[in-house]
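2 protein chains.
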Amino acid sequence: MEITVMSNILEKNEEIAAELNALFSKQGILAINLLGSPGCGKTSLVEQTIRLLKNEFSIAIIEGDLYTSKDADRIAACGVPVVQINTHGGCHLDAAMVKTAIAKLDLEQLDILIVENVGNLVCPAEFAVGEHAKVVILSVTEGEDKPLKYPAVFQQSAAIIINKMDLLPYTDFALDAATGDIRELNPDAALLNVSCKNASGLTDWLEWLKGQVLLRRKQKRD
Amino acid sequence: MEITVMSNILEKNEEIAAELNALFSKQGILAINLLGSPGCGKTSLVEQTIRLLKNEFSIAIIEGDLYTSKDADRIAACGVPVVQINTHGGCHLDAAMVKTAIAKLDLEQLDILIVENVGNLVCPAEFAVGEHAKVVILSVTEGEDKPLKYPAVFQQSAAIIINKMDLLPYTDFALDAATGDIRELNPDAALLNVSCKNASGLTDWLEWLKGQVLLRRKQKRD
Numbered sequence: 001m002e003i004t005v006m007s008n009i010l011e012k013n014e015e016i017a018a019e020l021n022a023l024f025s026k027q028g029i030l031a032i033n034l035l036g037s038p039g040c041g042k043t044s045l046v047e048q049t050i051r052l053l054k055n056e057f058s059i060a061i062i063e064g065d066l067y068t069s070k071d072a073d074r075i076a077a078c079g080v081p082v083v084q085i086n087t088h089g090g091c092h093l094d095a096a097m098v099k100t101a102i103a104k105l106d107l108e109q110l111d112i113l114i115v116e117n118v119g120n121l122v123c124p125a126e127f128a129v130g131e132h133a134k135v136v137i138l139s140v141t142e143g144e145d146k147p148l149k150y151p152a153v154f155q156q157s158a159a160i161i162i163n164k165m166d167l168l169p170y171t172d173f174a175l176d177a178a179t180g181d182i183r184e185l186n187p188d189a190a191l192l193n194v195s196c197k198n199a200s201g202l203t204d205w206l207e208w209l210k211g212q213v214l215l216r217r218k219q220k221r222d
Numbered sequence: 001m002e003i004t005v006m007s008n009i010l011e012k013n014e015e016i017a018a019e020l021n022a023l024f025s026k027q028g029i030l031a032i033n034l035l036g037s038p039g040c041g042k043t044s045l046v047e048q049t050i051r052l053l054k055n056e057f058s059i060a061i062i063e064g065d066l067y068t069s070k071d072a073d074r075i076a077a078c079g080v081p082v083v084q085i086n087t088h089g090g091c092h093l094d095a096a097m098v099k100t101a102i103a104k105l106d107l108e109q110l111d112i113l114i115v116e117n118v119g120n121l122v123c124p125a126e127f128a129v130g131e132h133a134k135v136v137i138l139s140v141t142e143g144e145d146k147p148l149k150y151p152a153v154f155q156q157s158a159a160i161i162i163n164k165m166d167l168l169p170y171t172d173f174a175l176d177a178a179t180g181d182i183r184e185l186n187p188d189a190a191l192l193n194v195s196c197k198n199a200s201g202l203t204d205w206l207e208w209l210k211g212q213v214l215l216r217r218k219q220k221r222d
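Line by line, the protein sequences give chains A and B. The C-terminal residue of the first sequence carries number 222 in this note's numbering, and the numbering is unbroken. The C-terminal residue of the second sequence carries number 222 in this note's numbering, and the numbering is unbroken.
Do not rely on the hints blindly, as some may be mistaken.
[Said to hold, decoys possible] Partial selection, computed: residues in chain B whose CB lies under 7 Å from chain A:
(1) Leu-10
(2) Pro-38
(3) Gly-39
(4) Thr-68
(5) Asn-120
(6) Leu-121
(7) Val-122
(8) Thr-141
(9) Glu-142
(10) Asp-145
(11) Lys-149
(12) Leu-168
(13) Tyr-170
(14) Ala-174
(15) Trp-208
[To be verified] With a Cα cut of at most 25 Å, we get these calculated DMTMM-like pairs of lysine to aspartate or glutamate:
(16) A:Lys-218 / A:Glu-126
(17) A:Lys-197 / B:Asp-176
(18) A:Lys-12 / A:Glu-47
(19) B:Lys-197 / A:Glu-184
(20) A:Lys-197 / B:Asp-172
(21) A:Lys-70 / B:Glu-19
(22) B:Lys-218 / B:Glu-19
(23) B:Lys-70 / A:Glu-47
Hint data in this document are derived by calculation from the structure and do not stem from the laboratory. Cβ atoms here follow ideal geometry from the backbone N, Cα and C, with glycine treated the same way.
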């Protein structure tokens with residue numbers, strides 16, 4: 001019975017996610033599902049992205065957290081629309097939550113919607129939220145063994161960001177080993193080394209993101 | 001139906017966890033459920049604990065991971081018995097998994113059993129594995145906002161360890177704020193600042209752990 005219920009939940013989620021995905025595509029909005037452990041730097045990447053792109057693109061953010069509006073407060077301070085979802089203990093966002101959240105956003109003229117998921121390398125991998133692409137962040141302070149221990153999110157992501165490169169000299173993180181393991185799991189993903197703190201490597205991230213926005217616009221026209 | 005199924009799963013887990021807890025208590029074994037985000041330093045704390053206590057106490061470890069035996073390999077190198085549980089995508093250990101794992105351990109003469117859970121600040125909080133105490137690790141690189149965002153594990157833990165203190169000077173981690181938030185959530189827990197890398201602060205951790213072992217021995221005698 002467990003398995004049936006779980007499969008029903010996943011099926012229903014896929015249905016709503018497909019509906020959202022079609023809506024975003026139709027409007028020419030790039031939707032990103034941003035994943036990673038607690039504290040890997042998801043909100044910091046969103047802040048930097050807004051800072052560097054908000055004059056060029058219209059951006060909105062959905063923040064997922066179990067409790068508090070700490071992340072939404074940080075994003076609101078950046079001057080873009082943000083909706084906080086509190087899961088009240090739930091370990092991932094789902095498509096229905098995002099569907100409710102977008103009702104509070106003006107989708108007209110929007111270029112980029114970033115959904116920052118709950119900090120969790122496991123459960124969010126199973127629940128699409130309507131995204132065109134998943135992006136996962138691994139911070140060097142987490143250790144190079146994480147991609148092989150939590151492969152699903154790394155396999156599913158179109159871009160994989162290694163963050164906190166500013167801390168690399170103070171850790172034992174084996175960058176070559178991590179890069180090799182990630183390449184084994186996902187040869188096609190964009191692989192970007194950044195520091196959200198000192199802004200190094202962010203140009204490559206912005207280039208990747210802009211490429212995705214242009215792809216959405218092109219597909220909307222076609 | 002969902003809710004009923006989930007409640008049945010949790011109830012069944014509580015049942016097996018209580019059975020394991022009684023078994024550990026009867027044998028005078030201290031059972032610890034070690035929790036924290038991916039890369040917070042759970043395995044490093046276990047390694048240091050073994051290194052510093054293995055001549056004084058008999059220790060065994062159960063390692064929980066989605067995939068790989070990386071952590072069990074590290075522990076085996078420390079010269080104590082270890083059993084790896086692979087959850088194959090599952091986001092937490094449960095009592096039934098631990099029950100299967102302890103069949104591979106010699107419980108006679110054992111003083112301390114540490115169950116290192118899957119790296120996840122959310123889901124493991126709901127599933128007891130027979131422990132006498134939960135211990136959660138927060139690393140300073142994760143940010144001081146995590147206790148309030150993931151309160152359950154912090155509320156449930158008898159000891160809360162702030163790890164990677166060696167990296168504190170290179171981060172923006174507000175130690176006072178984190179300590180204040182943790183104290184709000186859980187005034188009674190032991191709160192310990194350590195660096196598993198340079199071994200600072202570990203004396204306090206060992207003292208706490210030894211106190212728990214003696215408590216188990218006393219309760220076994222009584």
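Status of the hints after comparison with the structure:
With its C-beta approaching chain A no nearer than about 12 Å, Leu-10 (chain B) sits outside the 7 Å limit, and its interface hint is violated. Of the supplied interface hints, the one on Pro-38 (chain B) holds, with its beta-carbon coming within about 5 Å of a beta-carbon of chain A, less than 7 Å. Contact between Gly-39 (chain B) and chain A, as hinted, is supported at the beta carbon level, the nearest pair being about 3 Å apart and thus within 7 Å. Given hint, Thr-68 (chain B) at the interface with chain A, holds; its Cβ is 5 Å from that chain's nearest Cβ, closer than 7 Å.
Among the interface hints, the one on Asn-120 (chain B) holds; its C-beta lies about 6 Å from the nearest C-beta in chain A, closer than the 7 Å criterion. Interface restraint check: Leu-121 (chain B) against chain A, minimum CB-CB distance 5 Å, threshold 7 Å, status holds. The restraint placing Val-122 (chain B) at the interface with chain A holds, with a minimum CB-CB distance near 4 Å, inside the 7 Å limit. The restraint placing Thr-141 (chain B) at the interface with chain A holds, with a minimum CB-CB distance near 4 Å, inside the 7 Å limit.
Satisfaction of the interface hint for Glu-142 (chain B) is found here, the shortest Cβ-Cβ separation to chain A being roughly 3 Å, below the 7 Å cut-off. Evaluation of the Asp-145 (chain B) hint against chain A yields a held restraint, the C-beta minimum of about 5 Å falling below 7 Å. The interface hint given for Lys-149 (chain B) holds, since its Cβ lies 5 Å from the closest Cβ of chain A, which is under the 7 Å cut-off. A hinted interface residue such as Leu-168 (chain B) counts as satisfied when its beta carbon comes closer than 7 Å to some beta carbon of chain A; here the least separation is about 11 Å, so the hint is violated.
Below 7 Å, beta-carbon pairs count as interface contacts, and Tyr-170 (chain B) has one with chain A at about 6 Å; its hint therefore holds. The beta carbon of Ala-174 (chain B) is not positioned within 7 Å of any beta carbon in chain A (closest approach about 13 Å), and the interface hint is therefore violated. With a least beta-carbon distance of about 24 Å to chain A, the hint placing Trp-208 (chain B) at the interface is violated under the 7 Å criterion. Between Lys-218 (chain A) and Glu-126 (chain A) the alpha-carbon distance is near 29 Å, which puts this suggested pair outside the 25 Å criterion.
The suggested pairing of Lys-197 (chain A) with Asp-176 (chain B) holds, with an alpha-carbon distance near 21 Å, which does not exceed 25 Å. Proposed proximity of Lys-12 (chain A) and Glu-47 (chain A) is contradicted: the alpha carbons are some 32 Å apart, above 25 Å. At most 25 Å may separate the alpha-carbon atoms for a hinted pair to count; Lys-197 (chain B) and Glu-184 (chain A) exceed this at roughly 29 Å. Of the supplied pair hints, the one linking Lys-197 (chain A) and Asp-172 (chain B) holds, its CA atoms being roughly 10 Å apart against a limit of 25 Å.
Proposed proximity of Lys-70 (chain A) and Glu-19 (chain B) is contradicted: the alpha carbons are some 40 Å apart, above 25 Å. In summary, the hint linking Lys-218 (chain B) to Glu-19 (chain B) is supported, as the alpha carbons are separated by about 20 Å, within the 25 Å threshold. At roughly 34 Å between alpha-carbon atoms, Lys-70 (chain B) and Glu-47 (chain A) are farther apart than 25 Å, so this suggested pair is violated.
Violated hints, in rising order: 1, 12, 14, 15, 16, 18, 19, 21, 23; the structure is consistent with all others.
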